[in-house]
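**Student:** All chains, please: the whole structure from these sequences, using the hints.
Residue numbers (our numbering), protein chains in the order written: chain A, 68 to 235; chain B, 371 to 589.
Honestly, the hints are just simulated from the structure, not real lab data. Source: prediction; values computed, not measured. Using N, Cα and C, we set each Cβ at its ideal position, and we do this for glycine too. Among the hints, a few may not be true.
To be verified - Non-contacting residues of chain B with respect to chain A, defined by C-beta distances greater than 12 Å in every case (computed):
| hint | residue |
| --- | --- |
| 1 | D402 |
| 2 | Q419 |
| 3 | K440 |
| 4 | I518 |
| 5 | K552 |
| 6 | H562 |
| 7 | Q563 |
Claimed, not checked - Calculated cross-link-like contacts (lysine-lysine; reagent style BS3-like; alpha-carbon spacing at most 27 Å):
| hint | chain 1 | residue 1 | chain 2 | residue 2 |
| --- | --- | --- | --- | --- |
| 8 | B | K458 | B | K436 |
| 9 | B | K578 | B | K444 |
| 10 | B | K489 | B | K519 |
| 11 | B | K508 | A | K208 |
| 12 | B | K579 | B | K552 |
| 13 | A | K146 | B | K508 |
| 14 | B | K570 | A | K163 |
| 15 | B | K436 | B | K425 |
| 16 | B | K467 | B | K444 |
| 17 | B | K440 | B | K482 |
| 18 | B | K436 | B | K412 |
| 19 | B | K484 | B | K579 |
| 20 | B | K420 | B | K436 |
| 21 | A | K193 | B | K464 |
| 22 | B | K444 | B | K464 |
| 23 | B | K559 | B | K444 |
| 24 | B | K552 | B | K519 |
| 25 | B | K444 | B | K561 |
| 26 | B | K561 | B | K578 |
| 27 | B | K407 | B | K436 |
| 28 | A | K193 | A | K134 |
| 29 | B | K425 | A | K146 |
| 30 | B | K489 | B | K412 |
| 31 | B | K552 | A | K146 |
| 32 | B | K481 | A | K146 |
| 33 | B | K464 | B | K415 |
| 34 | B | K559 | A | K146 |
| 35 | B | K559 | B | K482 |
| 36 | A | K146 | B | K549 |
| 37 | B | K570 | A | K193 |
| 38 | A | K146 | B | K440 |
| 39 | B | K570 | A | K146 |
| 40 | B | K424 | B | K472 |
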Amino acid sequence: MLKKFFPISFAILLLLELLFAPNISHAKTHTNISHDYEAYIVKDSDWITWPVGIDLYMYITVRQADKVITREELYTVNKTGCEYPFSFSLNTYTIKYYKNGAYLSTHRPSTPVTYITSSCYVDDYKANNPYSDLSAKYTYKAIGSSVYTSADTIPSYILVDTTEAVVD
Amino acid sequence: MKKSFLFVLIFAVIIVFGFTAYNKLNPVNKADAESIKQVALKDFKEKTQKINNKKATYIIEINGTKYTNKEFEKFKARRDLAQIEDNKPALSEKQAKHEFIKRKALLDEAKKNKLYTTKEEASEYANHVREILENSTKPSDQQVREEIKNFREALGLTEDQYWNDYAIPMYQEDLTIVKLKKSFFNSMKWKHQPYNTVLKEWENYTEKKATTASVKELQ
Chain A
68 MLKKFFPISF AILLLLELLF APNISHAKTH TNISHDYEAY IVKDSDWITW PVGIDLYMYI
128 TVRQADKVIT REELYTVNKT GCEYPFSFSL NTYTIKYYKN GAYLSTHRPS TPVTYITSSC
188 YVDDYKANNP YSDLSAKYTY KAIGSSVYTS ADTIPSYILV DTTEAVVD
Chain B
371 MKKSFLFVLI FAVIIVFGFT AYNKLNPVNK ADAESIKQVA LKDFKEKTQK INNKKATYII
431 EINGTKYTNK EFEKFKARRD LAQIEDNKPA LSEKQAKHEF IKRKALLDEA KKNKLYTTKE
491 EASEYANHVR EILENSTKPS DQQVREEIKN FREALGLTED QYWNDYAIPM YQEDLTIVKL
551 KKSFFNSMKW KHQPYNTVLK EWENYTEKKA TTASVKELQ
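**Tutor:** Structure follows, in structure tokens:
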């Protein structure tokens with residue numbers, strides 16, 4: 068009895084796998100991670116310049132089946148923040164979406180996330196559970212950017228260069 | 371006729387009101403900022419020439435070290451240039467002296483803790499920054515290059531003189547203070563506190579060093 072039933076149940080399972088497997092894999096969460104390093108020159112009131120390296124990380128989590136963005140995160144950090152004779156801050160700012168090279172929309176992750184690693188780290192971590200205006204048919208480019216500000220330097224603010232990810 | 375006159379009048383009032391409001395909200399436009407910068411640099415150039423022609427005399431003793439009028443006045447002139455360029459009032463004599471004392475007291479504290487930066491280290495750092503600045507194509511770096519050029523021209527220095535004679539001693543002082551700051555931030559007490567919290571404590575610490583320094587006016 069068992070010998071007869073086994074091949075039938077195996078065939079049914081195989082059929083089910085073939086029928087539903089693509090949908091199961093589409094339901095997986097998909098994450099794009101990108102990382103960027105930028106060097107900037109700033110000047111304090113002693114009129115000498117200081118290079119400032121800033122890391123910018125962007126995480127976009129997309130539910131792949133219907134391409135809905137479920138979470139956006141921007142993490143900006145300078146790991147040598149205490150090694151300058153002036154103070155500054157990093158403000159995580161925007162993620163711009165492009166469809167076929169054309170601008171589509173801007174999202175602003177705004178919820179602060181506490182993430183203390185070291186007192187020397189000047190960092191800012193913001194997240195969002197955003198609305199999504201993407202369509203499952205297309206592939207999108209996401210560009211995250213951040214702004215650095217300081218009262219003691221010239222320029223007093225700099226737009227940290229972008230970090231890119233493809234939302235596919 | 372009356373209607374069109376009224377329309378023109380309302381339109382004129384809106385334009386005048388809008389223009390006034392814009393100027394109130396944006397007190398310094400780009401052209402104003404540029405002219406403020408030019409005035410600040412001209413003033414700085416004149417002050418520098420006057421200071422250079424002065425005879426050096428000791429005016430203040432901080433923690434046992436004597437400093438001349440020229441050292442203090444050059445310090446104040448640089449601070450004033452930054453203030454005026456930012457459309458802020460120049461520092462008063464008292465404020466500038468306090469800042470000068472703070473800087474020298476922090477240098478003393480760093481030396482006391484054997485955190486001194488050598489001339490060779492400062493020279494290496496200055497060369498590294500000069501290289502980055504010269505090779506960069508970023509618009510923000512081009513702006514800094516322009517600012518440095520204006521500043522060194524006001525001082526009457528060539529590019530090499532700026533980097534070798536002016537910048538190295540400045541980096542030596544600043545990097546010494548930075549070593550003290552880094553040691554403060556990495557101390558057991560503050561190591562795992564957020565940057566902004568420790569920054570406030572650092573500012574309190576630097577203020578305390580300035581107010582508790584042994585200061586003698588020599589004139």
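**Student:** Taking the hints in turn, state whether each one holds.
**Tutor:** A quick look at each hint next to the structure:
Remark: the non-interface label on D402(B) is consistent with the geometry, its nearest Cβ contact in chain A lying 16 Å away (cut-off 12 Å). With a least beta-carbon separation of about 17 Å from chain A, Q419(B) lies farther than 12 Å from that chain, consistent with its non-interface assignment. Residue-level check passed: K440(B) sits 16 Å from the nearest beta carbon of chain A, beyond 12 Å. Distance to chain A contradicts I518(B) as a non-interface residue, since its nearest Cβ pair spans about 7 Å, not more than 12 Å.
A Cβ of chain A approaches the Cβ of K552(B) within 12 Å, the least distance being about 5 Å, so the stated non-interface status is violated. The claim that H562(B) is not at the interface with chain A is violated, since a C-beta of that chain comes within 12 Å of its own (minimum 6 Å). At the 12 Å boundary, the C-beta of Q563(B) falls inside the reach of chain A, the nearest C-beta of that chain being 5 Å off. Proximity of K458(B) to K436(B) is assessed by CA-CA distance (about 30 Å); at most 27 Å being required, the pair is judged violated.
Taking the CA atoms of K578(B) and K444(B), the gap is near 24 Å; set against the 27 Å cutoff, the hint holds. In summary, the hint linking K489(B) to K519(B) is supported, as the alpha carbons are separated by about 23 Å, within the 27 Å threshold. About 23 Å separates the Cα atoms of K508(B) and K208(A), which keeps this hinted pair within 27 Å; it holds. The straight-line distance between the Cα atoms of K579(B) and K552(B) is roughly 16 Å, inside the 27 Å bound, and the hint therefore holds.
Between K146(A) and K508(B) the alpha-carbon distance is near 22 Å, which keeps this suggested pair within the 27 Å criterion. Taking the CA atoms of K570(B) and K163(A), the gap is about 34 Å. The hint is violated against a cut of 27 Å. For the given pair, K436(B) sits about 15 Å from K425(B) by alpha-carbon distance, which is consistent with the 27 Å threshold. At roughly 12 Å between alpha-carbon atoms, K467(B) and K444(B) fall within 27 Å of each other, so this suggested pair holds.
In summary, the hint linking K440(B) to K482(B) is supported, as the alpha carbons are separated by about 26 Å, within the 27 Å threshold. A hinted pair counts as satisfied when its Cα atoms are at most 27 Å apart, and K436(B) with K412(B) does not qualify at roughly 30 Å. Of the supplied pair hints, the one linking K484(B) and K579(B) holds, its CA atoms being roughly 17 Å apart against a limit of 27 Å. For the given pair, K420(B) sits about 22 Å from K436(B) by alpha-carbon distance, which is consistent with the 27 Å threshold.
Note on K193(A) and K464(B): the hinted pairing is violated, with a Cα-Cα distance of about 42 Å set against a maximum of 27 Å. Under the criterion of a C-alpha separation no larger than 27 Å, the hint pairing K444(B) with K464(B) is consistent with the structure, at around 15 Å. This hinted pair does not check out: K559(B) and K444(B) have alpha carbons roughly 37 Å apart, beyond 27 Å. As the CA atoms of K552(B) and K519(B) are separated by approximately 30 Å, the hinted pair breaks the 27 Å bound.
Taking the CA atoms of K444(B) and K561(B), the gap is about 36 Å. The hint is violated against a cut of 27 Å. Between K561(B) and K578(B) the CA atoms are separated by roughly 21 Å; this keeps the pair inside 27 Å, and the hint holds. At most 27 Å may separate the alpha-carbon atoms for a hinted pair to count; K407(B) and K436(B) exceed this at roughly 33 Å. Simply put, K193(A) and K134(A) have alpha-carbon atoms about 22 Å apart, close enough for the 27 Å limit, and the pair holds.
Proposed proximity of K425(B) and K146(A) is contradicted: the alpha carbons are some 45 Å apart, above 27 Å. Taking the CA atoms of K489(B) and K412(B), the gap is near 31 Å; set against the 27 Å cutoff, the hint is violated. Taking the CA atoms of K552(B) and K146(A), the gap is near 12 Å; set against the 27 Å cutoff, the hint holds. For the suggested pair K481(B) and K146(A), the alpha carbons sit about 25 Å apart, so the restraint of at most 27 Å is met.
Using a Cα cut-off of 27 Å, the hinted pair K464(B) and K415(B) holds, with the two alpha carbons roughly 22 Å apart. Among the hinted pairs, K559(B) with K146(A) is consistent with the structure: their alpha-carbon atoms are about 19 Å apart, no more than 27 Å. The straight-line distance between the Cα atoms of K559(B) and K482(B) is roughly 20 Å, inside the 27 Å bound, and the hint therefore holds. Between the alpha carbons of K146(A) and K549(B) the distance comes to roughly 15 Å, so the proposed pair stays at or under 27 Å and holds.
Of the supplied pair hints, the one linking K570(B) and K193(A) holds, its CA atoms being roughly 23 Å apart against a limit of 27 Å. Restraint check for K146(A) and K440(B): not satisfied, since their Cα atoms lie roughly 38 Å apart, outside the 27 Å limit. Distance check on the hinted pair: K570(B) and K146(A) sit about 18 Å apart at the alpha-carbon level, within 27 Å; holds. Restraint check for K424(B) and K472(B): the C-alpha separation of about 25 Å stays at or below 27 Å, so the hint holds.
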